[in-house]
Structures are given as structure tokens and as C-alpha cells.
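> Each chain is listed here by its residues.
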Amino acid sequence: MLAFIIRRLGQALLVLMAVGFVSFAMFKFMGDPVENMLGQEATAADRAELEERLGLNDPIVVQYVRFFGRALSGDFGVSYRVGLPVGEVIMDRLPATLELAFLSGVIAMTLGFFLGVYTAIRRDGYVANFIMTASLIGVSLPTFLIGVFLIWLFAVNLGWLPSFGRGDTGSLFGVDLAILTWSGFKSMILPAITLGLYQMTLIMRLVRSEMLEVLRADYIRFARARGLSQKTINFGHAMKNTLVPVITVTGLQFGSIVAFAIITESVFQWPGVGLLFINAVNFVDIPVMSAYLLLVAVIFVTINLIVDLLYFTIDPRLSVSNN
Amino acid sequence: MDTQTTKGASARPEFTEAVATTFWQRWMQSDIWHSYKRSPVIIVSSLTFILLVLGAVLSPLISPYTPFDPASLNLMNGFSKPFAANEFTGDYFLLGTDDQGRDVLSTILFGLRVSLFVGVVAVLFAMTLGVILGLLAGYVGGWLDGVIMRIADIQMTFPSIMVAMLLYGIGKGLIPPDLRDEMAIWVLILSIGLSEWVQFARTVRGATMVERQKEYVQAGHLIGLTRWSIMLRHILPNVTSPILVIATISLALAIIAEATLSFLGVGAPKTEPSLGTLINVGRQYILSGEWWILLFPSLTLLALALSVNLFGDWLRDILNPKLR
Numbered sequence: 001m002l003a004f005i006i007r008r009l010g011q012a013l014l015v016l017m018a019v020g021f022v023s024f025a026m027f028k029f030m031g032d033p034v035e036n037m038l039g040q041e042a043t044a045a046d047r048a049e050l051e052e053r054l055g056l057n058d059p060i061v062v063q064y065v066r067f068f069g070r071a072l073s074g075d076f077g078v079s080y081r082v083g084l085p086v087g088e089v090i091m092d093r094l095p096a097t098l099e100l101a102f103l104s105g106v107i108a109m110t111l112g113f114f115l116g117v118y119t120a121i122r123r124d125g126y127v128a129n130f131i132m133t134a135s136l137i138g139v140s141l142p143t144f145l146i147g148v149f150l151i152w153l154f155a156v157n158l159g160w161l162p163s164f165g166r167g168d169t170g171s172l173f174g175v176d177l178a179i180l181t182w183s184g185f186k187s188m189i190l191p192a193i194t195l196g197l198y199q200m201t202l203i204m205r206l207v208r209s210e211m212l213e214v215l216r217a218d219y220i221r222f223a224r225a226r227g228l229s230q231k232t233i234n235f236g237h238a239m240k241n242t243l244v245p246v247i248t249v250t251g252l253q254f255g256s257i258v259a260f261a262i263i264t265e266s267v268f269q270w271p272g273v274g275l276l277f278i279n280a281v282n283f284v285d286i287p288v289m290s291a292y293l294l295l296v297a298v299i300f301v302t303i304n305l306i307v308d309l310l311y312f313t314i315d316p317r318l319s320v321s322n323n
Numbered sequence: 001m002d003t004q005t006t007k008g009a010s011a012r013p014e015f016t017e018a019v020a021t022t023f024w025q026r027w028m029q030s031d032i033w034h035s036y037k038r039s040p041v042i043i044v045s046s047l048t049f050i051l052l053v054l055g056a057v058l059s060p061l062i063s064p065y066t067p068f069d070p071a072s073l074n075l076m077n078g079f080s081k082p083f084a085a086n087e088f089t090g091d092y093f094l095l096g097t098d099d100q101g102r103d104v105l106s107t108i109l110f111g112l113r114v115s116l117f118v119g120v121v122a123v124l125f126a127m128t129l130g131v132i133l134g135l136l137a138g139y140v141g142g143w144l145d146g147v148i149m150r151i152a153d154i155q156m157t158f159p160s161i162m163v164a165m166l167l168y169g170i171g172k173g174l175i176p177p178d179l180r181d182e183m184a185i186w187v188l189i190l191s192i193g194l195s196e197w198v199q200f201a202r203t204v205r206g207a208t209m210v211e212r213q214k215e216y217v218q219a220g221h222l223i224g225l226t227r228w229s230i231m232l233r234h235i236l237p238n239v240t241s242p243i244l245v246i247a248t249i250s251l252a253l254a255i256i257a258e259a260t261l262s263f264l265g266v267g268a269p270k271t272e273p274s275l276g277t278l279i280n281v282g283r284q285y286i287l288s289g290e291w292w293i294l295l296f297p298s299l300t301l302l303a304l305a306l307s308v309n310l311f312g313d314w315l316r317d318i319l320n321p322k323l324r
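These protein sequences, in sequence, are chains A and B.
Each residue of the first sequence is one higher than the one before, starting from 1 at the first, in the working numbering.
Each residue of the second sequence is one higher than the one before, starting from 1 at the first, in the working numbering.
What the hints contain is simulated information worked out from the structure, not anything from laboratory work.
Treat the numbers as computed from the prediction; the structure is a model and nothing was measured.
Please note: incorrect hints may appear among the correct ones.
[As the list claims (entries may be wrong)] Sample of chain B residues facing chain A (criterion: CB under 10 Å; computed from the structure):
no., residue
1, P40
2, G276
3, I279
4, D313
5, I318
The C-beta atom is built at its ideal place from N, Cα and C for all residues, glycine as well.
Could you put the whole structure together from the sequences, leaning on the hints where they help?
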């Protein structure tokens with residue numbers, strides 16, 4: 001098990017190094033920082049001095065290491081567009097994205113899990129068949145269309161929920177969160193559903209097929225022969241064994257939720273890092289783009305690691321076979 | 001083939017009628033055609049797809065109006081309602097018009113053209129790149145395999161839509177500002193293509209590693225064929241069916257990716273709007289009640305994505321029954 005964890009840590013580090021290099025290369029080869037800082041009228045002597053001061057004449061490996069060191073302390077330079085330190089701008093926006101991703105993750109997981117179990121148990125029922133067909137359409141729908149449709153229905157026609165923005169925020173340990181206020185929570189519902197819908201259908205289909213597989217297994221037949229009630233079999237025996245693949249996919253999907261938040265945040269003008277990123281792409285704001293890339297890489301790698309470790313707690317067979 | 005047929009005919013006369021000779025007859029008896037005939041969903045979705053492709057290809061000929069020619073636009077026609085003649089000018093617009101008086105049906109046909117063009121070219125690019133890298137990784141192996149697959153792994157860590165956005169941003173940064181609008185479509189194709197090659201490469205690599213063990217490859221070695229000749233002329237034809245399945249699914253993904261990027265304003269330029277751009281324009285009018293500007297492009301995109309997706313699912317089941 002220890003060897004496995006070390007191997008996984010090594011891989012995670014490799015991914016971070018590679019993404020870090022891409023991020024560094026963007027900084028290095030795109031856009032000229034000297035010109036950005038001095039403007040066009042600078043003399044050659046000014047340029048040379050600034051280049052020396054910024055360390056642009058050092059070997060590339062030295063620059064890469066320095067970039068990493070600065071990135072670790074949260075220093076990503078200054079955004080070309082807003083003129084503020086990138087680290088600050090991102091930290092300011094991060095809570096909005098994380099709370100949105102969290103809520104939609106919870107929605108996707110609970111609904112997806114229960115619908116999946118339901119459609120597996122009532123395999124041939126009308127409701128189950130309807131849910132399955134609807135989910136197929138849900139998978140083909142682009143995220144932004146779902147968002148626009150929800151706005152049209154709930155914000156424009158019914159007028160129940162706000163169509164954009166984050167509402168009021170409340171403060172918890174110095175972090176501003178919309179989920180703490182009623183108006184903030186109301187503004188969060190539509191984006192969270194939009195963001196979670198795709199993941200929900202995915203989880204639902206996975207749970208259903210896993211559940212069907214498990215229900216065919218010998219130990220379920222044996223449990224039935226022992227005279228256990230169908231309820232105990234379904235929820236006490238079968239459901240537990242669908243958890244391993246479900247947790248893998250759910251965990252990995254949480255990363256996708258953060259990435260797909262770019263689209264949702266743009267549709268609902270939710271002021272998170274995704275909206276920041278899409279604006280950065282539009283304005284070719286390199287420091288913000290490369291910092292976002294690194295941030296997402298860190299989130300993804302951390303999630304993958306946690307998922308790997310969770311395997312061992314959920315499925316004891318794994319740690320036995322690895323030892 | 002012909003001699004075998006006649007031999008079989010003399011030995012077992014009851015099979016003569018069943019043995020097909022022409023390509024058409026063989027096609028009519030194949031499993032694929034059989035399954036196609038029996039699933040109405042697939043018939044409908046493939047016909048929808050063909051209809052949409054025809055509409056896109058023939059858009060300059062069949063569009064009732066020329067939406068991007070400013071001279072032909074009349075502001076009096078702005079916000080015409082669908083399925084009715086305009087109340088001021090009496091011009092008829094089947095699906096209504098937008099704020100500038102552009103016919104929605106015509107913009108959809110032209111938008112469909114851009115969306116399909118970007119999607120198809122991006123998938124072709126991803127396929128070429130992925131297949132070549134997959135063949136190399138699977139056949140040559142060694143450090144080359146290691147490098148290609150590590151890159152693939154790292155890229156797989158991120159969702160392809162995000163990779164495409166990032167590549168688009170980088171591409172945009174590398175191009176001088178005055179060329180950005182002209183090159184936007186190609187940057188879009190390149191970034192979507194580069195974000196989707198991994199699936200092709202992984203599948204082809206796996207299939208190639210299986211094929212490499214087979215005798216016909218060793219025979220090819222023995223008679224002195226070059227590596228490239230074995231890879232491209234002998235292994236490649238044997239791994240085409242998974243490639244075909246992935247290409248269909250990738251097409252749906254590429255179309256959605258293109259629409260998403262254009263919707264977010266980082267894709268097709270305003271001068272060449274795709275379906276995503278049109279939906280983004282239409283979104284601005286949902287609060288004021290001009291629903292048709294949004295609804296019809298959205299339905300078209302939905303029909304396109306859904307028909308390609310259903311067709312891809314069906315193709316996968318047919319070509320690879322094990323996955324069902």
C-alpha cells in the first residue's frame with residue numbers, strides 16, 4: 001500500500017511539473033513582460049537593465065525553478081487586464097467557484113445515486129424507463145443550453161429565481177459565501193443545477209449498471225435464499241458494493257465540475273474563477289491564464305490522490321492484495 | 001471470391017441464393033443493414049443528420065435571404081415574428097428575424113455550415129494525429145510509447161473543453177491582433193482537434209499491440225516490408241472499426257465544444273457566426289420576449305448533437321458487440 005501511495009505521489013508530482021512547465025512556457029514565450037512594463041518608448045539601456053533585474057538573462061532552468069518557487073508562494077505576477085496581483089484576484093474569486101461546485105456536486109451525487117438505485121430496482125417500470133430516456137437527452141445537451149433554458153423557465157417566465165449574479169454574501173471565517181444568505185442561496189440554485197445535471201446523469205447511469213451487475217451476483221441470490229427481505233438485500237447488501245466505482249467517478253467528476261464551471265459561471269455571470277478565466281482568454285491575459293491552469297492542475301491532482309486513498313478504506317480487499 | 005462462390009454453389013446448392021456477389025447485395029445482407037432497418041430511432045436520427053448536412057452544404061443556394069450582406073437588410077424587418085409576414089414590409093420570414101432584420105432560418109443554415117465545418121475538420125485533424133501517434137506507440141513501443149502515453153495521461157487529467165479553451169487562448173496570443181478574426185476559425189479547429197486526439201491514440205495503441213503479435217505482421221517483417229508500410233497498410237485497416245466509432249462520438253463532442261466556445265465568445269468570429277454564436281445572440285432577447293431568435297438555433301444544435309450521438313451509440317453496439 002505504501003509503495004502504491006508513493007507511486008501515485010510521484011505521478012502527481014510529474015503532472016504538476018509538466019503543467020507547471022506549460023504554464024511557465026506561456027509566461028516566457030508569449031507576450032513581452034519588458035514591453036508590458038516599460039511601454040514602447042523605452043531606451044535600449046532601460047530594457048537591458050530591466051531584463052537583468054527580472055532575471056530574464058539567466059539560464060532557462062534557473063528561471064523555471066524561480067517560477068515554481070514564486071508560484072508556491074502564490075506570486076503569479078500582475079494581471080494585464082485589471083492591473084492587480086493575479087494571486088489576489090484568484091483568491092478573491094475562488095470561494096464563489098468552490099461553493100458552487102460543492103453544491104452542484106452534492107446535488108449530482110445524492111440525486112444521481114438515488115435515481116440510479118431506483119432505476120435498477122424498478123428496471124422495467126414506466127418511471128424508470130422515462131428517467132433513462134430523459135438522461136440520454138440530458139447527456140447530449142450542451143451545458144450552456146441547459147443553463148439558458150433554466151433561466152428562461154424559472155427566471156423569465158416563472159420569476160421564481162434570479163437569472164444572474166451571486167446575490168448577497170455572508171462572511172464565515174473571513175470568507176464571503178453566498179450560501180449563507182437567502183438571496184445568495186436563491187441565486188445559487190439555477191447555476192448549481194446546470195453544473196450538476198451532466199454529472200448527475202453520469203452517476204445515475206453508472207450506479208444503475210453497477211447495481212444491475214451486483215444484483216445478479218451469487219451472494220445476492222444466497223441472501224434471497226436465506227429469506228432476507230428485498231429491502232435488506234437491496235439497501236444492505238447490494239448498494240454497498242456499487243460504491244467503489246461510484247466514488248471513483250464521482251471524485252474524478254468533481255474536477256470536471258470545477259472545469260465546467262467556466263461555462264456555467266459565464267451563463268449566469270457568477271463571479272468565480274471560471275468567469276475570470278474566460279475573460280482572460282478573451283483579452284489574452286497570460287498571467288491569469290497560466291495561474292488558472294496551475295490552480296486547476298493542483299485541484300485535479302489532489303482529488304485524484306484522495307480518490308486513490310479512498311479505495312483502500314472502501315474496499316479492504318485492495319490493501320490485502322497489495323500487501 | 002468468385003471461384004469460391006461457384007465452388008460453394010456446386011457443393012451446397014441450397015446456399016447459392018444466399019451468397020451475395022456484388023457489394024450492394026452483400027450490404028443488403030449485412031448485420032449493419034439488418035440492425036439499421038429495425039431501429040426507427042436510428043433511421044430518424046441518420047435522416048436528420050443527412051438533412052442538416054445537406055442544409056449546411058447547400059446553404060448559399062437554398063437560404064431564402066442573404067443574412068450577411070448588409071445591403072439586403074432592412075431594419076423595418078427587425079424582430080419579425082416567425083410563421084407570419086412582417087407587419088410593416090409584408091416580407092415573409094419562416095422563422096422570424098433578429099434585431100437587424102436578418103432572417104433566422106438563413107443565419108441558422110449558414111451557422112450550421114460553420115459548426116459542421118469546424119467539427120468535421122477538427123475531428124479529422126484529431127484522428128490523423130491520434131492514429132499516427134497511437135500506431136507509433138503501439139508498434140514501436142519503448143521510450144516513444146512512454147513519452148506519447150505520458151503526454152496523453154496528463155492531457156486526460158483535464159476535461160477536453162478546458163484544454164480547447166486554453167489552447168484557443170494561447171493561439172490567440174500568438175497571432176498578431178490584426179489577423180485574429182481571419183484566423184479565428186483555424187485556431188478553433190486546431191484547439192478542438194488537439195484537445196481530442198487522446199482517445200484515438202489510446203484506442204489505436206491498444207488495438208495495435210494486439211495486432212502486432214499476429215502472424216501476418218511477422219510475415220510482413222520476413223518479406224522485408226518497412227515499419228511504416230506494415231503500420232499503415234497492414235495494421236491500420238485492421239483497427240479501423242474502433243476508430244470509426246470514436247470518430248462519430250468525437251464529432252458530437254467537437255460540435256458541442258465548438259458551440260460552447262462560440263457561445264462564450266471565444267470561438268467563431270462575429271463575421272462568421274456558428275450555431276453557438278447565434279445562441280449567444282439570441283440569449284440577449286429572452287428577457288424582452290423575442291424567443292424565436294434563441295429557440296430555433298438551439299433546437300438545430302440539439303438535433304445535430306443528438307443525432308450524431310445516437311448514431312455513434314448505435315455504431316458502437318454494431319461494430320463492437322462486446323461493449324453492449
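> A separate judgement is required for each hint: does it hold in the structure or not?
For each hint, the structure was consulted:
no.: 1; hint: P40; result: 14 Å, violated
no.: 2; hint: G276; result: 8 Å, holds
no.: 3; hint: I279; result: 7 Å, holds
no.: 4; hint: D313; result: 9 Å, holds
no.: 5; hint: I318; result: 18 Å, violated
Going through the hint list in order, the structure does not satisfy hints 1 and 5.
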